[in-house]
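**Q** Those protein sequence lines, which keep their order, are chains A and R.
The numbering of the first sequence is the numbering used here, which starts it at 1217 and goes up by one.
The numbering of the second sequence is the numbering used here, which starts it at 1217 and goes up by one.
Check each hint, because a few of them may be wrong.
Claimed, not checked - Cβ-to-Cβ under 7 Å is the rule here; a few derived chain R residues that face chain A: (1) Ile1285; (2) Thr1286; (3) Gly1289; (4) Ser1314; (5) Leu1316; (6) Leu1366; (7) Leu1374.
Claimed, not checked - Chain R stretches covered by chain A per the calculated footprint, using a threshold of three residues with CB under 8 Å from any CB of chain A: (8) 1222-1228; (9) 1379-1391.
Unchecked claim - Quick partial rundown of chain A residues pointing at chain R, CB under 8 Å, derived from the structure: (10) Ile1251; (11) Val1255; (12) Asn1273; (13) Glu1275; (14) Arg1371; (15) Pro1447; (16) His1451.
Since the hints were derived computationally from the structure, they do not count as laboratory data.
Idealized CB from N, CA, C, for every residue including glycine.
There are 2 protein chains.
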Amino acid sequence: VRTVAGVLEAALSLILKEPVKISSAGRTDAGVHAIGQVVSFSTLRAFPFDRLCIALNSELPDDLSVREITIVGDDFSARFSALERTYVYAILNRREPSALLARRAFHVWLPLDVDAMLAAAPHLLGERDFRSFCGVLPESGATVRTLRRLEITRRGDLIRIEMAADGFLHRMVRTIVGTLVECGSGRRTAESLASIVAARDRAASGNTAPAHGLYLAGVRYEGYDSYCEAPIFEHGR
Amino acid sequence: VRTVAGVLEAALSLILKEPVKISSAGRTDAGVHAIGQVVSFSTLRAFPFDRLCIALNSELPDDLSVREITIVGDDFSARFSALERTYVYAILNRREPSALLARRAFHVWLPLDVDAMLAAAPHLLGERDFRSFCGVLPESGATVRTLRRLEITRRGDLIRIEMAADGFLHRMVRTIVGTLVECGSGRRTAESLASIVAARDRAASGNTAPAHGLYLAGVRYEGYDSYCEAPIFEHGR
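Isolated chain A (complex conformation) (with noise of 0.2 Å):
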């Protein structure tokens, strides 16, 4: 299988003649979009580092590309060391598909109410047990995150559902949104979901959303953050 990992490890390990290994600071299953990214690892090597991230971008596939590269200390890891991650989910709320949104935005038909929509953040912000949105469980078992931010707002026919916590568990951004998006559609009350959150039970919340509209938009680092902006809500005239 061709994994992001995967293929930016063999552009590295290419150009730094040695095997390297990457961390990586937020979970992107197939068909997810990653625009803020964080990887690190660590080298040995006296490569030129202002010529790094060309030598990279020459590298790779025209489908992921690096922004930027920064040394960092030896008690950084992307992973470990990132205090929030930022996703942005897209939904093209109209009757008609688009062609060229087709793999970057969930198409959903049904007229969606934002503000119904909007009703149900009150149960999912904060600190709480996140387990009836989690696909598979991660192996600690620990199901408690903090939903920081979770904003929902229409731009014309597309709909935008930004969400930041500390961490997110397998499959719970999309989890959430497809459950949002049935508040939505009127198929459930917003209320609806404190019950959902309390049942501790996959079973209790919504569909699950497809991968192709959903962005990794950024990770916080104690004084660095790598947020950018899906292109799609980038650069309105």
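Chain A is already provided as a structure; the job is to place chain R on it using the hints.
**A** Here is chain R on its own, set in the frame of chain A:
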């Protein structure tokens, strides 16, 4: 070869149970995107008109979608009734490439001076012989077109070029863009455009910009305009 027209004709023929030939308003070479394309066809079948758009989209692959369908007079031709076509060209102008824009914008890493590009516009606007910007000559041999609008704007890393004309020659937009990029990077002066136009020779103009940055944005008719913004410029925060 798989073409937009071929895929659309196959879906229409399947639904209407008769061979359908379409007429398209604007040319889209391989790799070019179309948001505001208009096509016309005639049929004697009595398919329930209000369900045709939904039936068609469920038959079409996800990289081709139909926004709306309208009944027109017998004398209407998507191609010959068109009064004006508008194309938008997207350039990503920064050092690093973008995975998500790789097939949606032309990556130019040399810094481009938009003012220098705009200075070339007066030499191109209006009714002119665009033979110097024409790939394959039209059968008629007529290479005079009227360029009514040429706008160049920068939004962050993206440069947006919009051109409207009564019609465009083969590769005309891409050759104008390639020449403007050479003005923007300082390889060519804006004033040199006057002699390029006068030369009536493809060898006088610049490189053809790649297809994947080009969007057919809209076609204007008497009383109707199909114009849509390209998704990368549509939904800014």
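**Q** Give a verdict on every hint.
**A** Consistency of the hints with the structure:
1. The closest approach between the C-beta of Ile1285 of chain R and any C-beta of chain A is roughly 10 Å, which is over the 7 Å cut-off, so the hint fails.
2. Given the 7 Å rule on beta carbons, the hint for Thr1286 of chain R is violated: about 14 Å separates it from the nearest Cβ of chain A.
3. Because the smallest distance between the Cβ of Gly1289 of chain R and any Cβ of chain A comes to about 24 Å, over 7 Å, the interface hint for this residue is violated.
4. Because the smallest distance between the Cβ of Ser1314 of chain R and any Cβ of chain A comes to about 6 Å, under 7 Å, the interface hint for this residue holds.
5. Nearest Cβ of chain A to the Cβ of Leu1316 of chain R: about 5 Å, under the 7 Å cut. The hint holds.
6. Checking Leu1366 of chain R against chain A: minimum C-beta separation of about 17 Å lies over 7 Å; hint violated.
7. For the restraint placing Leu1374 of chain R at the interface with chain A, the shortest Cβ-Cβ distance is roughly 5 Å, inside the 7 Å limit, so the hint holds.
8. Chain A is given as covering the segment 1222-1228 of chain R, and this is violated because 0 residues of the stretch bring a CB closer than 8 Å to a CB of that chain, at least three being needed.
9. Coverage of a stretch by a chain is defined here by at least three residues with a beta carbon nearer than 8 Å to that chain's beta carbons; for the segment 1379-1391 of chain R and chain A the count is 0, and the condition is violated.
10. Below 8 Å, beta-carbon pairs count as interface contacts, and Ile1251 of chain A has one with chain R at about 7 Å; its hint therefore holds.
11. A cut of 8 Å between beta carbons decides the hint on Val1255 of chain A: the least distance to chain R is about 14 Å, and the hint is violated.
12. Hint on Asn1273 of chain A holds. Least Cβ distance to chain R is approximately 6 Å, under the 8 Å limit.
13. The closest approach between the C-beta of Glu1275 of chain A and any C-beta of chain R is roughly 12 Å, which is over the 8 Å cut-off, so the hint fails.
14. With its C-beta approaching chain R no nearer than about 5 Å, Arg1371 of chain A sits inside the 8 Å limit, and its interface hint holds.
15. The interface hint given for Pro1447 of chain A is met, as the beta carbon of that residue sits about 5 Å from the closest beta carbon of chain R, less than 8 Å.
16. With a cut of 8 Å, the hint placing His1451 of chain A at the interface with chain R holds, because the nearest CB-to-CB distance is about 5 Å.
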